[in-house]
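Peer 1: For the record, the sequence lines run as chains B and D.
Numbered according to our numbering, the first sequence spans residues 1 to 235.
Numbered according to our numbering, the second sequence spans residues 236 to 499.
Everything labelled a hint here was simulated from the structure, so no lab data went into it.
A virtual CB, placed ideally from N, CA and C, is assigned to each residue, including glycine.
Please note that a few of the clues may not be correct.
Over 10 Å on every C-beta distance to chain B, these chain D residues come out as not near it, computed from the model [to be verified]:
| no. | residue |
| --- | --- |
| 1 | R373 |
| 2 | S395 |
| 3 | T429 |
| 4 | A494 |
Here are some, though not all, of the chain B residues that point toward chain D, as calculated from beta-carbon distances under 8 Å [stated by the list, open to error]:
| no. | residue |
| --- | --- |
| 5 | Q133 |
| 6 | T141 |
| 7 | D151 |
| 8 | L194 |
| 9 | E195 |
| 10 | A233 |
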Amino acid sequence: MQDFGGAFLTAFNLLIGFDADLMEVIVLSLRVSLTALLAAGVIGLSIGALLAVTCFPGRGLALIVVNSMMGLPPVVVGLVIYMLLSNAGPLGFMGLLYSPSAMIIAQSVLILPIIAALSRQVIEDLYDEYADQFRSFCVPTGRMMAELLWDARYSLLTVLLAGLGRAMAEVGAVIIVGGNINHLTRVMTTTIALETSKGDLALALGLGIVLLTIALAINAAVMGLNATAKRYAYA
Amino acid sequence: MLMLEPRPASELRPANVVDLRNAGDADAGADLFPLVVRDLTYQAGGTVLIKGIDLTLEAGGTTVLMGPNGAGKSLLLRLMHGLIKPSGGTLSWGGKMLDDGIRRRHSMVFQRAVMLRRSVAANIDFVLRLRGRTDAARRREILEHAGLADRADQPARLLSGGEQQRLALARALATEPDVLFMDEPTSNLDPASTLVIEDITKAARDRGTRIIFVTHDMGQARRLADDVVFVHRGKVLEHTPAADFFTQPSSTEAGDYMAGKIIL
Numbered sequence: 001m002q003d004f005g006g007a008f009l010t011a012f013n014l015l016i017g018f019d020a021d022l023m024e025v026i027v028l029s030l031r032v033s034l035t036a037l038l039a040a041g042v043i044g045l046s047i048g049a050l051l052a053v054t055c056f057p058g059r060g061l062a063l064i065v066v067n068s069m070m071g072l073p074p075v076v077v078g079l080v081i082y083m084l085l086s087n088a089g090p091l092g093f094m095g096l097l098y099s100p101s102a103m104i105i106a107q108s109v110l111i112l113p114i115i116a117a118l119s120r121q122v123i124e125d126l127y128d129e130y131a132d133q134f135r136s137f138c139v140p141t142g143r144m145m146a147e148l149l150w151d152a153r154y155s156l157l158t159v160l161l162a163g164l165g166r167a168m169a170e171v172g173a174v175i176i177v178g179g180n181i182n183h184l185t186r187v188m189t190t191t192i193a194l195e196t197s198k199g200d201l202a203l204a205l206g207l208g209i210v211l212l213t214i215a216l217a218i219n220a221a222v223m224g225l226n227a228t229a230k231r232y233a234y235a
Numbered sequence: 236m237l238m239l240e241p242r243p244a245s246e247l248r249p250a251n252v253v254d255l256r257n258a259g260d261a262d263a264g265a266d267l268f269p270l271v272v273r274d275l276t277y278q279a280g281g282t283v284l285i286k287g288i289d290l291t292l293e294a295g296g297t298t299v300l301m302g303p304n305g306a307g308k309s310l311l312l313r314l315m316h317g318l319i320k321p322s323g324g325t326l327s328w329g330g331k332m333l334d335d336g337i338r339r340r341h342s343m344v345f346q347r348a349v350m351l352r353r354s355v356a357a358n359i360d361f362v363l364r365l366r367g368r369t370d371a372a373r374r375r376e377i378l379e380h381a382g383l384a385d386r387a388d389q390p391a392r393l394l395s396g397g398e399q400q401r402l403a404l405a406r407a408l409a410t411e412p413d414v415l416f417m418d419e420p421t422s423n424l425d426p427a428s429t430l431v432i433e434d435i436t437k438a439a440r441d442r443g444t445r446i447i448f449v450t451h452d453m454g455q456a457r458r459l460a461d462d463v464v465f466v467h468r469g470k471v472l473e474h475t476p477a478a479d480f481f482t483q484p485s486s487t488e489a490g491d492y493m494a495g496k497i498i499l
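With the rest of the complex left out, here is chain B (with noise of 0.2 Å):
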């Protein structure tokens, strides 16, 4: 095992040297995971929205899944999307297995129910307040989902960074849909597995310095931003 100092310096090296393997895995991390966040964010919020202001039946159920749900194994959700992506399955004539795209689907699926979940609390414990006026102006359902979304702002960027910080650091699903592929499937999770195993632990530690500065950076953006927020008793 590679001497643990010695591991940092040429981790440090890596990266202020930009190295490209690096850069690579860096990117296409972050385009996975961020794509994946746009499209859990658009169908996770909507659904949150809806579920907090309407009432149907079985709506107690579907909150019970929708909760249940935030905490689908990641593995088993990769080994999910990989049958219905495989050339047997349902969608394998898209053929994604193995490409970034599968790899967005899987980490979509895995944070979809994160924020459909946390946003569905947060609107609706807004909702609480602002009912009674709403519904004194006759409000539409659409219109009130939107308003709330909107006031609700600052509140689910927090909802949007916890789907965030999932995404970006499982690696079970992206491991099974993605494979892993050098130059093609490689993002920072696998990456760090992978170089862990072959004992080439500079890269892996390189890798998990990125991740964890973004995750402080994102992390104190958000919370600064709640900070000014709270100040203008906007939050």
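The hints should help you fit chain D onto chain B, whose structure is shown.
Peer 2: Using the frame of chain B, we list chain D on its own:
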């Protein structure tokens, strides 16, 4: 929540408090009347809270719903506005059953102002957009009438309690309602803010908006009421012109209430 200190009364009171309806609109809501309430009941959790109310309100003026806490005044107001559905009885506006078309001609100001998490101007824009009348000049006019023009860009939730309620009233009037329900809008306000709210309300009444106002503040009822509905234990005990109500109420309970006695 950070609250800004209220400004002095002279500054608070808008110089030109007028309703925003056009001068020729005085009879605009006449077709909604009479409001006829027959045998109206409402129960929740097995308890009957409104017990077979019969009431008829004609067009024009300010009706004050009075009564002790827990009498059912706010519930009656919510039933009239359609915020809650009655358990029994009927309620008709100008011979028509209450529907969204009629409800869109109502507005309501709540005891605790509900401020959207946006600027003062955006709170007005919300209702203007809702009624398809987005117009910066109109928004400015509305805010000027409420004495809030200089606060347009401030976050609404950072206004003082009095300013928030003024904004809530301006927002309610921005829909140009034919009927304005007010549920103890000044119960938490200082006298200067109360005066401004009352002035705006009176101006709206003078321009043809029918006002139905809940209060248990006797002085306020005297200042605003054209007629008084006295509610006690979920029943209407009397509906009397204001001049008569304050001098010779027809029910013992109303007399006791005005004498400052606790009525059970």
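Peer 1: Against the structure, test the hints numbered earlier, and report the numbers of the ones violated in rising order.
Peer 2: 6, 8, 9
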